[in-house]
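Trainee: Be aware that the sequence shown starts at 1, since it is given in my numbering, and climbs by one per residue.
No lab work stands behind these hints, which were simulated from the structure alone.
Do not rely on the hints blindly, as some may be mistaken.
Unchecked claim - Straight-line distance between alpha carbons at most 25 Å, and here's what the computed BS3-like set of lysine-lysine pairs gives:
#	residue 1	residue 2
1	Lys101	Lys55
2	Lys84	Lys101
3	Lys89	Lys101
4	Lys101	Lys46
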Amino acid sequence: MASTQKLEEIVDNPQSFFNCILGGYRNLIITMSCGIAVYGFSRTFKNTHSRNTMKMLSLLIYISAFAIMLNTVLLLQRYLNLVKRTNTKNLPIYVDLDAWKIYEYIGWFLLSIVTILIGLGSKEYIMDLF
């Protein structure tokens with residue numbers, strides 16, 4: 001009985017949840033922009049050590065963006081699965097779970113972009129290993 005009550009509380013305010021998801025997407029975009037800016041800024045240094053330090057910092061920023069997006073997408077996926085298992089008649093009429101599923105797909109796409117940026121940013125370090 002307690003688990004059903006918790007699920008009803010989750011379904012009770014879907015607008016707040018979706019706003020949190022959109023906030024996670026916004027944080028990803030801001031974090032990725034910072035990583036790209038730091039990487040671009042690293043090219044202005046003449047000192048190789050400073051340049052490599054800034055490139056490493058941009059890579060760490062990309063990794064944090066990856067963590068933000070992975071957490072956000074998995075949270076949305078879990079919420080959608082929980083809501084679909086419960087009675088969706090409790091949802092307000094303006095909540096369209098199929099449209100929310102599209103946001104999950106967009107999240108996976110953005111996550112793949114971050115993964116590519118991580119790969120490109122770490123290519124130099126990986127090549128040094130071999």
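Trainee: Against each hint, give a clear statement of whether it holds in the structure.
Mentor: Going down the list of hints, with the structure as the test:
Straight-line distance between C-alpha atoms of Lys101 and Lys55 comes to about 35 Å, which puts the hinted pair past the 25 Å bound. Between Lys84 and Lys101 the CA atoms are separated by roughly 11 Å; this keeps the pair inside 25 Å, and the hint holds. With a C-alpha separation of about 18 Å, the suggested pair Lys89 and Lys101 falls inside the 25 Å cut-off, and the hint holds. As the CA atoms of Lys101 and Lys46 are separated by approximately 47 Å, the hinted pair breaks the 25 Å bound.
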